[in-house]
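Please arrange chain B on chain A, whose structure you already have, making use of the hints.
Respectively, the protein sequence lines represent chains A and B. Be aware that the first sequence starts at 1, since it is given in my numbering, and climbs by one per residue. Be aware that the second sequence starts at 1, since it is given in my numbering, and climbs by one per residue.
A portion of the hints provided could be inaccurate.
To be verified - Calculated pairs, BS3-like style, for lysine-lysine (alpha carbon to alpha carbon, straight line, at most 30 Å):
#	chain 1	residue 1	chain 2	residue 2
1	B	Lys99	A	Lys182
2	A	Lys228	B	Lys118
3	A	Lys360	A	Lys375
4	A	Lys84	A	Lys19
5	B	Lys72	B	Lys118
Worth flagging that the hints you see were computed from the coordinates, not collected in a lab.
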Amino acid sequence: MQRVLTVDDSRAIRLIVTKNLTELGCEVDEAEDGNEGLAKLKSGKYDLVLLDVTMPNLDGPSMLTRMRERGDSTPVLMLTSESKTSIVAALIRLGIEDYVLKPFKPEELRAKVTKALKLATVTQAVAAAGAPEPAPAPAPSPPPQPAATNNGPSKEGATVSAKGKVDVLVIDDMENVHKKLKSILPSSLGVDGCLNAGEGLALARVRSYRMVLVDSEIPDVNVATYIKQMRILQPNATCLGMALRGAPTLSQEMRELGFDDVLTKPFTPEVIDSLIEQHFAGADESIVREDNVLRICAFHGREDRAERHYAKLSRALKDAIEALGEACYDEAILDAVLLPTFNVVRASQFIAEAVAMSGKIGVALRLVASPEVEKALRGFEETKGLRCFGTLAQARAMLAA
Amino acid sequence: MQSPAAGGVDERLAQQIERIIVTRVENDTLTLPAMPAVAAKVLTLLHSSDFSMREIAALIETDPMVAAQVIKSANSAALATREPTRNIGQAVARLGAQKLRGVLIEVSSRRLFESRDKRILDAARRLWEHSRAVAVLAQDVSVVVGIEEPEVAYLGGLLHDVGKPIVATMLLEAESQIAQRAALGGWIDSEVWTSVVQRTHRRVGLVVARKWQLPDDVVAAIEQCDEYDAGSRRSCGNAVRFANAIAKREGFYVGSVQAEDNDALIMLGKSLLGVTDEVLGRVIAGLRSRAKDLMS
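For reference, chain A alone in the conformation it holds in the complex (with noise of 0.2 Å):
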């Protein structure tokens, strides 16, 4: 358990730090002023250390001084109504972790203590190898930046990640409008309902998507205002308004408010597939080459649309598999797993057109593939020698080797 010292003259934020801290778990501490601060950190070892400016008989930068120059290095975070700039720097050269401002609200104290006490477990496990303290932790990075061309999440981020990469952040205060998106979308895509606009928000920050998608009438809302933040949050995403099919204005309406388009509800499946095409299925790119690997690009479509799909492959791979031979290759490795699995017989047909492709124009194929579809592979002659590989890792192996 990780133990805080909360140094302060007033016995209603020690109260306050106490209760909150505990709830996260921690054992905490009390000292009223800096020298009773300065004898608890001598007999006894802490993570923390929550510290005043201003109090009596020996102030917060006079103990934060003293702890320093007896060569303790217990991380402190300062707990104060003292803004002055000035003080505020002398204190970061001493070394503070960071700065919570009376008054606060209990979200800011825990969410600052849960970080400094996380870079605390860092720095003593470093320690305790016996290796260097590690930098301060850099500020953190920006969203990621969607790729020029779309080729859709990989096989493994196509659900919820731990990353925190999700493709749809859908907020309307109707449950059922969750539920039907949720039916209609295909389930390659991850997604995030929320039922107001303060949770929205919430996950905006700490999420990166690829489409927000809001409902226009949202209670207590002013939705212009919180599309502006929206976008701040994601500048990324696209956002499109949820409104009732209506007036032929209605995109426009949407734009002006601040939306990108507009989603009509009721929802039809012509519209979210249009919906999908437009932004997830990677208009332009459904095969990736890089070097002398053809890379399939993920299908996020529902199973109806998977023979157009493979029809948009088959145009595709005719100009793939020349630049192959262009760039003089003889082997090369055509990495399948996200080829749609639907009918596993149609994906073999695929990829025996691949094979008879490159083979014309001399280029051995290997191929990356489900089990599924190197099961059906055995059945066709032009692929029942195929080499086949469970990832791209072990093909490219095999061609160095």
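What follows is chain B alone, placed relative to chain A:
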């Protein structure tokens, strides 16, 4: 290395020049650049209770540079609709009075950062880039934390350093007059320059803002951005101060930055305004994606 005596002379010189400028500010005898005539007339019209957009469009059409900027702003991504507009009347209608006011102030202040003097030309341009960066950041921070009228924060950010090129130009003119009479080279040390500009630019900027009859809340944002106001946490002035520190940290600045002082401003600002690290990352990403537009 400069001797202590020389440092003392520089400090006295800086104080003398500062006194001259402050006296002129207080006596209202400072010669300041006027707002472009068309922009001034349109802003006066917009202040009045009855005006027609047609009348405003007709005025704007008489200044091609202002007209071009108004159309560009009306066709910006923030206001994009299917059809771009090439017509001043449509552009004015699309922008509306408040946004049009912002565009005109921006066009006018841009000119203040264009110097004919080669010695400060580059610094002035980079200062404009910094001012645009602060404006964008202040506006975005205001939007995400829920400060009303983020447009005020934008203008406050744009104009927070407007006094600097004016003071710099005054120093150059003074220097060249004295140099002509005494056949001397430059007589003001660069440290004195920096010190005088730093000490006086805010006051001069406020005089410009009042002379141009900018809205009171914009003037307040410029005035209040020197120190955080802990009593009024979510104010435009605080947003501008915070944005200034972020812009400096991200490299959108000309001049040296005291790192710990700047870090202090950022740490304080995050708590004051309620900005988390994640939100700050998004706002900075938004700025970086618009970096190439900052010089326009």
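List, from low to high, the hint numbers that the structure doesn't satisfy.
1 and 2
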